[in-house]
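Participant: Read top to bottom, the protein sequences are chains A and B. Position 75 of the first sequence, counting from 1, maps to 75 under our numbering, and the rest follow consecutively. Position 229 of the second sequence, counting from 1, maps to 229 under our numbering, and the rest follow consecutively.
Hint data in this document are derived by calculation from the structure and do not stem from the laboratory. Treat the hints loosely; a few may be bogus.
[Said to hold, decoys possible] If you only want the chain A side, here are some residues facing chain B, beta carbon under 8 Å, derived: (1) Gln233; (2) Gln297; (3) Pro330; (4) Arg333.
Computed from a prediction, not measured in an experiment: that's the story for all the values here. Heads up, the beta-carbon is just placed ideally off N, CA and C, and yes, glycines get one too.
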Amino acid sequence: MSTKQRFIVALGLAGTALALSQAAIAQDIAVRGGTVHTMEAEPISDGLVVIQDGIITAIGPAASTPVPDGMQVLSAEVVTPGLIDAHSTVGLAGFMNQWHDQDQLDKTKPIQPELRAIDAYNPRERLVEWVRELGVTTLHTGHGPGALVSGQTMVVKTTGDTVEDAIVVPVAMIAANLGARSMASGNKTPGTRSKQIALLRTALIDAQNAAKNSADKKSDKAAKRNLTHEAMQDVLNRKVPLMVTAWKERDILNALRLKDEFNIDLVIDGAADAYLVTDALREAGVSVILHPPRARQFGDLANASFDTAAKLRDAGIPFAFQSGYESYVPKTRVVLWEAAIAAANGLGTKDALKGITIDAAEIIGVDDKVGSLAVGKHGDIAMFNGDPFEITSHVTGVVIEGVVVSDQPR
Amino acid sequence: MKLEALLTAASVSALAGAALLAGVTPVSAQERPIAFTGATILPMAGPAVENGTLIIKDGTIQAIGTDVSIPDDAEVRDAAGKVIMPGIVDTHSHIGQVQGADRSAPIQPDVRAMDSINPRDHSIDKARAGGVTFANVMPGSGHLMSGQTFYMKLRKVDTVDEIAIRDADGKMLGGMKMANGTNSIRERSGWPGTRAKSAALVRQTFVDAQPYCDGENKKRDLAKDALCEVLSGERLVHFHTHRADDIMTVLRLRDEFGFKLLIQHGMESGDVAEQIANAGVPVSHIVVDSPGGKLEAMNARITAPADLERAGVLTSLHSDDPVVDSRMMRRQAGLAVRGGMSRDGALRALTINGAKQLGLDDRIGSLETGKDADIIVLDGDPLSIYTKVLETWVEGKLVFDMSNPEHAPFATGGYGTASQGRAMHHLEHEAQAMEADQ
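Generate coordinates for the entire structure from the input sequences, incorporating the hints supplied.
Facilitator: This is how it looks when you write it as structure tokens:
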């Protein structure tokens, strides 16, 4: 939510008192960087970003960009847009890893697109703070792996005391999962790859049939609502993309076949074997939210490689990085450190930085607000004391919509 | 094959076997000297040597320095602009499809990791690509005592006998894996249900072994044989422990029974660094990317290695592969530096400190004349994420060469490079969770 929107909501819902307290939070700040990576053009040497009311109002060389009187100026060796994690489960999956803080997966049914991320997100979760202090200001988070259709995802800022404070996009995608990790146990379904696709096709066809029935009924008799069908109809109507986590090359091709059959918006997630099917991915015109480059090379990720991002770049396939889901120690990865591995394995720093800023913003549909430093966009900033991708560098500060949310070196 | 040929083959293998048993480098080792010239050498036994020369022969280091004469018959390898350092010593790893104790009992000192290891597994190729030349390969931590660990020299060989590191008597070396805290607590008959019970079971086991080790009742008992090696200090205990109070319990057990101890993981070791330092106990630590994932890792922080260093604890860093990929060992050191450890300290934590902890510092962990020629050649600062391992040498043999198309894929992964093992780890359900993750 932009500052402006937040201001309006505050006025509308809570009246003047809350509006005043919102306005009392400093959202005016300038950030000066030895190198400012705007992601719009070449980096600016000794650049300056001016943020007013949470929004960037000026950006350019410090010498020619005036700072309004009295405005606080932060400085850092390197300045980037606030980082974007293109797919996470943080906030639903908590750091304790006990049943009571794991809300990214309900296994009672294989297909539950009606499960909303907003009903499970905990903005005070320790892992949200963890990634925020390491520069992540925007998260695409939600339901995780382990079920064929596990639920919805959303886009949030890594700030706020309530989900309402944090929300940027309440329903971003519907998360589907193919392959071994999303099989049901025992004699439950799905138990094979073929069955997974049969069930997905059936669910989409059921939603089509329900829409058709509803349209056929007389207008005076309201159709009985079905939340599962409604969510799948949003996919069929291309209101919401289907994000299919597909690791093996055949899972990726299966997902592309679904896109063709139902004419849906598809985002391929995971994609460990993507380098085997780059032609098919490019022809389908889909984007890839690539697995963390350091993801363990076992199971469905047996053939994963540190250099897949470079191969996607070379093939002209849009991609972004993610922290993904972790079931054990560590409980989350950090997208900055994952992109670093790709940077060092053929991708280079420039394209790796795109994969956690502007390219990530485009794939999750928020590039009008975040992902680059430009006038009119949110004042979300990450500051570093060196090359952001060097593991020995520190994140020295983080700003979200003009508010300093972290100022200790991390 | 003719009889004569058979005899020759037999005698050659007998010779090779004798050489192995005697702890001597096999006869096939590199005989022609190799001279690396022009490199920045980080010996871990003194300051960096700029524009240095390193000479290796017969699998050992012959000379190192700036004023070194190169033998006439040497193969000269230009290492100008490159960095040479000792091969990485990984003090806690699960490469090679290793297994240990089964579900039948919580204490199984008779079980040996060596009986499960596949030296051809690609996890070992990947470790070589990451510059690892030595690994303490361990059973998991789902038991109070899960078996004897295996000290592996990452030679490119076919059998576990050949990949072992041995003492002067030809005995394969390894430690004993123990654990406390939640991993070894289970709702199963004969297993501990609490921390106090865990300690009691371990104490009773050692108490029962003491008379046997003192020479009474000499009917041979495999488990007690191994326990005697622990009690005598011959076999190092690798004690998986996380929480500060669990670490203190381990120190208490060490005081009572006098075994030689290396604290493994020690997530909260930074919080009791003074106590660990006062006990004179070293720590093999793992740095992870975020806290949590299990309750005992809630306080994981990247500042722990710095805390240990400040307190004077001899600290190594490990991969716990597959928790952290072996190829990310240098990154472990980088994370430790991010958390405040000195650069020198972090590099020693990858090399000589681990060698000291395992009592192998007369052979590995630093570049000094007479030591094993276990070296890595890098294209830059070892702590930079952009730096690549170009070559890994074990005892004078090139076991990873980035310019070799058969080796290079192991540096990144890709089709056909996967380990044939499972994502084996501490507990069955955790291993399953990690596999489900994949």
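Participant: For every hint, state whether the structure bears it out.
Facilitator: Results of checking the hints against the structure:
About 31 Å separates the beta-carbon of glutamine 233 of chain A from the nearest beta-carbon of chain B, more than 8 Å, and the hint is not met. With 8 Å as the threshold, the beta carbon of glutamine 297 of chain A comes within range of chain B, its nearest partner Cβ sitting at about 5 Å, so the hint holds. The closest approach between the C-beta of proline 330 of chain A and any C-beta of chain B is roughly 4 Å, which is under the 8 Å cut-off, so the hint is satisfied. Contact between arginine 333 of chain A and chain B, as hinted, is supported at the beta carbon level, the nearest pair being about 6 Å apart and thus within 8 Å.
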